[in-house]
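Residue strings, one per chain:
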Amino acid sequence: MSERPLPLKGGKNKSHRNTVIAGVGNRLLGDEGVGLHVIDNLSQIPMPSNVDVVDCGCDLLSLISHLNKPQKIIVIDAVRAGGKPGEIYRLDYNELKTRGIEMQSSHQVRATDALGLLKQIYPVLAGCEIIIIGIEPEAIELSICLSEKVRESIADVVRLILEEISCSLPE
Amino acid sequence: MHNSIIINHICRVEGHGGITVNIKDGKVAEVNMDIFEGPRFFEPLVVGRAYDEVAPILMRICAICSAAHTAASLMAVENAFGITVSSQTRLLRELLVHGGNIESHALHLFCLVIPDFMNYPSAIALASDHPAEVKMGLELKKLGNTIQETIGGRAIHSVNAVIGGFGKLPTKEQLLELKEQLKKGLKQSLVTVDLVSGLQVPDFCTSPNIYAALSSDGAGYSLFGDKIALSTGDTWDINMYKELCEEKVVAHSHAKHSRFNDKPFAVGALARIALNEEKLSGEAKKAKKRLGLSSHLDNMLYNNAAQAVELVYSIERSTEIIDELLTAGIKQEKPMEVKTQAGTGTGAVEAPRGTLYHNYSFDEKGRLTEADVITPTAQNLANIEKDLRVSVENLIDQPKESLAPKLEMVVRAYDPCISCAVHLVEVNFE
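Residue numbers (numbering that gives the first Met the number 0), protein chains in the order written: chain A, 0 to 170; chain B, 0 to 429.
Hints in this document: simulated from the structure, not taken from any laboratory. Some clues are possibly wrong.
Some chain B residues well away from chain A (every beta-carbon gap over 10 Å; in silico) [what the hints assert, rightly or not]:
1. 65
2. 134
3. 138
4. 148
5. 154
6. 209
7. 233
8. 242
9. 339
Listed below are the simulated SDA-like cross-link pairs for lysine to any residue, each with C-alpha atoms no more than 20 Å apart in a straight line [what the hints assert, rightly or not]:
10. A:118 with B:127
11. B:134 with A:16
12. B:171 with B:159
13. A:118 with B:131
14. A:118 with B:49
15. B:241 with B:360
16. B:284 with B:148
17. B:226 with B:238
18. B:134 with A:63
Taking beta-carbon pairs under 10 Å as the criterion, some of the chain B residues facing chain A (in silico) [to be verified]:
19. 56
20. 89
21. 203
Think of the CB as a built atom: it goes at the ideal place given N, C-alpha and C, for glycine as much as any other residue.
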């Protein structure tokens, strides 16, 4: 992915879909918190009113407070899938099992379980597209800092998410 | 004969494998438990930081318990600097903690306990047969989140609660709206009590328990208190918590164990009710009676029922607090001024899983020099081991397929921070 600097200002939105962007992870466990660091960056970009940017901590079920007929949910989390540190995965929730990737989590309810439960309970999510943006972690240990490779991947993750919501980057 | 039972937990922290029970000649030879908590474990994250940077970091130890961590952290800093907060701040902080209690108990009961007791492998499986009940559980969790969002500014990891007070105060309209939602939540919590009353509680882990919980001088049941009460009759000031939680290295376990007079003790909802049952009132008191809870219970599987009672209690108490705030009127107070000084302070709160202690020392400039956080899970470890030993002795003739899930039920009843982990069980035969 490119090395363009982070777009911290502006952004012209072309999205017409209600979208929730949810970061999940624990900031005290190094790369485990990368999803929340991405949310920090996204929070500095003006978002259209139909896009919610949510810091879920390590409780993805807290999404229940943000389910206002979303047509798309984007979850950002650390995902161990055997790649290189900082590698970015774009996963369709419905394809997770067939791809054999399990999102391992020290969270109370695993992220994939939380999504499955929400989808089962809330009919409003039946036609909702659910995308998981995973970042391969390097160091998961007591630390409030990201490893270098993971930190460097954030700009690309942010760009990928802006593309997901059809939000054009500032010139 | 079962040789080894491994309760793995899927944990992202390398080197921490969960709970392993090794059995020899029909008895538990050793129990190894790995958790990434313990005395001064979190200290490296905050040492050298300014006093006002500590709570925003350490509240993130747990998303589900973030309100309790926030309150305990702020209280520890305030006690170190000799700051006394207003009664309005105390009420708002208490309301925040009740939001966390409602959220956590609802999540534990509906996503972990009820599926366990009804023989469903997961909440998702339960939801396919009982969608209305699971949805109600999630709505109760949402109520807890909403309280925290209204008072703390965010559903998790409060930004409004600060040292000496609150940065932003809720409006009268917000409190009235919250009160309406609590009315609905009370009805749902009573339905929860009905559901839990129908669950058969086995007695295979029954054995004598010592309970510990915070004790307040007030007339009512509380999640706050200046003293630690034990079911042995002992009472200590919270500043003496280290003597209670003194952790000892035990030969047969990876984890250090908290022991009182060399005996394990239990903290959590059942401990709170065992020590303060006469202080419950209203619907919570009725729920306690309905679920058969008393101070004499020695079966930790009733901790789940105790959580259902506390769900009712926290909703009723939240309504009371809102009434008190509305009657007095929200005062536009600014947080108390902080004058740094060298000192040490302890903050203690009853978190959903039990008593939580934060203890900090600062230099004269307000830089943190030492930090100690003792979580409820760390205190419960020795008691979990005791209950696992008793359970294995009572169930040793059962096939591994039924023994392992029962041991998981014991661990899960404590609602430990590793509860997410105890899904996978491996039993090896010689």
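Now for the hints, and whether the structure bears them out:
1. 65: 7 Å, violated
2. 134: 5 Å, violated
3. 138: 8 Å, violated
4. 148: Residue 148 of chain B is in fact no farther than 10 Å from some Cβ atom of chain A, at 7 Å.
5. 154: Non-interface label fails for residue 154 of chain B: nearest chain A Cβ at 5 Å, not farther than 10 Å.
6. 209: Correct as stated: the minimum Cβ-Cβ distance to chain A is 27 Å, above 10 Å.
7. 233: 33 Å, holds
8. 242: Since the minimum Cβ distance to chain A is about 26 Å, residue 242 of chain B lies beyond 10 Å and the statement holds.
9. 339: For residue 339 of chain B, whose nearest Cβ neighbour in chain A is about 23 Å away, the distance exceeds 10 Å, so it holds.
10. A:118 with B:127: 11 Å, holds
11. B:134 with A:16: With a Cα-Cα distance of about 25 Å, the restraint between residue 134 of chain B and residue 16 of chain A is violated, given a limit of 20 Å.
12. B:171 with B:159: Roughly 16 Å separates the two Cα atoms, so the pair holds.
13. A:118 with B:131: 14 Å, holds
14. A:118 with B:49: The given pair, whose Cα atoms are some 43 Å apart, is violated under the 20 Å limit.
15. B:241 with B:360: 14 Å, holds
16. B:284 with B:148: Judged against 20 Å, a Cα distance of about 28 Å means the pair is violated.
17. B:226 with B:238: Holds - the C-alpha atoms of residue 238 of chain B and residue 226 of chain B are around 9 Å apart, at most 20 Å.
18. B:134 with A:63: 10 Å, holds
19. 56: 7 Å, holds
20. 89: Cβ of residue 89 of chain B sits 25 Å from chain A, so the hint is violated.
21. 203: Status violated, d = 26 Å.
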